[in-house]
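Quick note, the sequences are listed as chains A and B, same order.
Remember, the numbering used here sits 55 above the position in the first sequence when you count from 1.
Remember, the numbering used here sits 55 above the position in the second sequence when you count from 1.
Check the hints yourself; a few may be wrong.
As the list makes no split between identical chains, a pair holds if one copy fits it or if it spans any two.
[Said to hold, decoys possible] Listed next, the in silico BS3-like pairs over lysine-lysine satisfying Cα-Cα at most 30 Å (straight line): (1) 212 to 171; (2) 212 to 186; (3) 82 to 186; (4) 82 to 171; (5) 186 to 171.
If you are wondering where the hints come from, they were derived from the structure by calculation, not from laboratory data.
Residues per chain, in single letters:
Protein chains: 2
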Amino acid sequence: MLTIRDATIADAALIRRLIGELATFEKEPDAVRTTAADIARDGFGASPQFRTIIAEWDGAPAGFALFFDYYSTWRGAGLYLEDLYVCPDYRGRGIGSALLARVARAAEQERRSFVKWSVLDWNQSAIEMYKAHGAEFLDEWRTALLSGDGLRRLTEKDC
Amino acid sequence: MLTIRDATIADAALIRRLIGELATFEKEPDAVRTTAADIARDGFGASPQFRTIIAEWDGAPAGFALFFDYYSTWRGAGLYLEDLYVCPDYRGRGIGSALLARVARAAEQERRSFVKWSVLDWNQSAIEMYKAHGAEFLDEWRTALLSGDGLRRLTEKDC
Numbered sequence: 056m057l058t059i060r061d062a063t064i065a066d067a068a069l070i071r072r073l074i075g076e077l078a079t080f081e082k083e084p085d086a087v088r089t090t091a092a093d094i095a096r097d098g099f100g101a102s103p104q105f106r107t108i109i110a111e112w113d114g115a116p117a118g119f120a121l122f123f124d125y126y127s128t129w130r131g132a133g134l135y136l137e138d139l140y141v142c143p144d145y146r147g148r149g150i151g152s153a154l155l156a157r158v159a160r161a162a163e164q165e166r167r168s169f170v171k172w173s174v175l176d177w178n179q180s181a182i183e184m185y186k187a188h189g190a191e192f193l194d195e196w197r198t199a200l201l202s203g204d205g206l207r208r209l210t211e212k213d214c
Numbered sequence: 056m057l058t059i060r061d062a063t064i065a066d067a068a069l070i071r072r073l074i075g076e077l078a079t080f081e082k083e084p085d086a087v088r089t090t091a092a093d094i095a096r097d098g099f100g101a102s103p104q105f106r107t108i109i110a111e112w113d114g115a116p117a118g119f120a121l122f123f124d125y126y127s128t129w130r131g132a133g134l135y136l137e138d139l140y141v142c143p144d145y146r147g148r149g150i151g152s153a154l155l156a157r158v159a160r161a162a163e164q165e166r167r168s169f170v171k172w173s174v175l176d177w178n179q180s181a182i183e184m185y186k187a188h189g190a191e192f193l194d195e196w197r198t199a200l201l202s203g204d205g206l207r208r209l210t211e212k213d214c
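Pulled out of the complex, with its shape left as it was, chain A reads as follows:
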């Protein structure tokens, strides 16, 4: 049976393990630079930078969702769903939809008018599930990222 609960700091190592599993599924197993200690500090410290919910099936970890506040100058306050993951052994039981529904309810309770997230373009089963729930895809937008040397070089230009 499925239960969904809020994560606590005692879940930091579990969350980090699930983040790693998701990155492997996304074909980027070496992309995860955060540690369990980072997750404990950043998610469960004095000023939490994200919230996490854990799905359990008969008490065993089956997936998670990690999200945080987001602000759209068009729509106002919303939530950004950074990670949504269901462990392979537990797929096909509606756990992904249940996690998404819980995030949607958090948005509604906080009067946040949307949930936004990203999905890899080859992850067709996820895309179909999202479309079935009424998600729209903002395909005219490209996502840019500046980090590492590029970020440092630009910083030096600021006066």
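With chain A held as given, fit chain B onto it using these hints.
For chain B alone, coordinates are given in the frame of chain A:
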């Protein structure tokens, strides 16, 4: 001459006007549902949900950037740049790069390792400027949004 300063609540109406100008440039003039009062409350109230910097040329408003905290489970803490805009009369003077550099410096000062943002796929001059600064484009990711009736329907599924 260019100056960049932090916005205050006295700038809320100006920020809302610039948000509207940017939406018009983005061919979505009716997409902006936030009001100046929303901007004042959400950006300059008890728990600000974003930060804004204003570019001025000889004291006149010339552009703005609006950003907030973001968390990547791969990279840790970063910033999300929701809006970057330079008024038409002031383009070609490096104001967009100066605003981006100021956001990059904010990231560095707060030990945030990246800045992330979105750009419309037809906005070639912006894309080229971002590439010149070393931004990478995460084109394998699609952005999904759930709002309105879809969000409400999903909320009702949560038990």
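Hint check:
Proximity of residue 212 and residue 171 under a CA criterion of 30 Å is satisfied inter-copy only: 18 Å between copies versus 32 Å inside one chain copy. Taking the shortest Cα distances, residue 212 and residue 186 sit within 30 Å of each other only across copies (16 Å), while inside one copy they are farther apart (43 Å). With identical chains, the CA atoms of residue 82 and residue 186 are at most 30 Å apart both within one copy (23 Å) and between copies (25 Å). In this assembly of identical chains, residue 82 and residue 171 lie within 30 Å of each other by CA distance both inside one copy and across copies; the values are 22 Å within and 21 Å between.
Taking CA atoms no more than 30 Å apart as the test, residue 186 paired with residue 171 passes in both settings, with 13 Å inside one copy and 25 Å between copies.
No hint from the list above goes unmet by this structure.
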